[in-house]
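Read top to bottom, the protein sequences are chains A and B. First residue of the first sequence? That's 1 in our numbering, and the numbers climb one at a time after it. First residue of the second sequence? That's 1 in our numbering, and the numbers climb one at a time after it.
Among the clues, some could well be false.
[Said to hold, decoys possible] Sample of chain A residues facing chain B (criterion: CB under 7 Å; computed from the structure):
id, residue
1, ASN46
2, SER50
3, TYR53
4, THR62
5, PHE64
6, ALA70
7, VAL74
8, SER76
9, THR109
10, SER113
These are computed hints drawn from the structure, not numbers from a lab. Glycine is no exception: its CB is placed at the ideal position from the N, C-alpha and C atoms.
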Amino acid sequence: MKLGLISMIVVLGTTSAVFAGLKSYIPLSINYASHFANGGLAETHNTADSVQYAECGSNPTTGFCTVRDAANVVTSCFTTDPALLTVIRSMSPDSLFSIRWDPTTNECTYVLSYASSRAAQRTP
Amino acid sequence: MRAGARWVALGLAALAATFWLGMRVGTPGGDERGGARVIVERAPAAPAVVHAVAGVSGLTRDDIRTVVREELARHAQEAAETAQTPEVISTERMEQVKAAVASAHGVISDGVARGVWGERERSALRPQLVQLGQAETREVLMPLFQAINAQRIQLDGPPI
């Protein structure tokens, strides 16, 4: 009995050590009035619905980011700015991102990509 | 005391002898010392004169002028050709870009009219996009992204 209690305490202690660290849920969020969106690529992938997505990509001269919310509204911006292209090309499937666009031209005016220990990893 | 004085006298004598020898041997032209110096004035060198080479190929002044003119003309022509080349390329490039812009506009207009933007449309657009500069790319893509964001087109996959 005593041995079992000690074993349980040891197991719980180990588990809490493994899962330690701040975690934040960073889902896809789109602000249409202010023309920006942010979220985590992995966390958008992990959402329960099969509607939302977020993606960014580039060819040698042009880049784009596209997001689709749960209501199936698609928003996409493009850029030919070499600095923004560099940011887009730095993204990984688990990146967190933030984009801003010009509603008149639909060009991306800002792209941020970062990695964070707080974010969830992609699950199949 | 007498012996010391003798040594001093001997040393002074040796010094005097060394000084005398030095004067005799060390002076250049020591033998002419006191003799009349001879100064020879030489006539200045005659100015260089280039004589025409009279031989098998005997070039005259006119021949040289002709050769120089030919060389100058050749260089001028080469320089003119080099300066013109970018203009020719630029004109061709402009035509290519114009054609690519027109074709890209056609592809996008067609896609927007049908309300679909998928692999077929992207495949048609991509060869045009790679020929465009930044300004043309922006001009071409604005209507496409406007249609996407107005939900007037069904986006299937990436837009470009």
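Hint-by-hint comparison with the structure:
Because the smallest distance between the Cβ of A:ASN46 and any Cβ of chain B comes to about 21 Å, over 7 Å, the interface hint for this residue is violated. Hint on A:SER50 is violated. Least Cβ distance to chain B is approximately 15 Å, over the 7 Å limit. This hint is violated: A:TYR53 has a C-beta 10 Å from the nearest C-beta of chain B, more than the 7 Å allowed. A cut of 7 Å between beta carbons decides the hint on A:THR62: the least distance to chain B is about 6 Å, and the hint holds.
Interface hint at A:PHE64: satisfied, since its Cβ lies 5 Å from the closest Cβ of chain B, which is below the 7 Å cut-off. Using the Cβ-Cβ criterion of 7 Å, the hint placing A:ALA70 at the interface with chain B is not satisfied: the shortest such distance is roughly 15 Å. The criterion of a C-beta within 7 Å of any C-beta in chain B is met by A:VAL74, whose closest approach is roughly 5 Å, and the hint holds. Restraint check, A:SER76 versus chain B: the minimum CB separation of about 5 Å is within 7 Å; hint holds.
Hint on A:THR109 is violated. Least Cβ distance to chain B is approximately 13 Å, over the 7 Å limit. Nearest Cβ of chain B to the Cβ of A:SER113: about 17 Å, over the 7 Å cut. The hint is violated.
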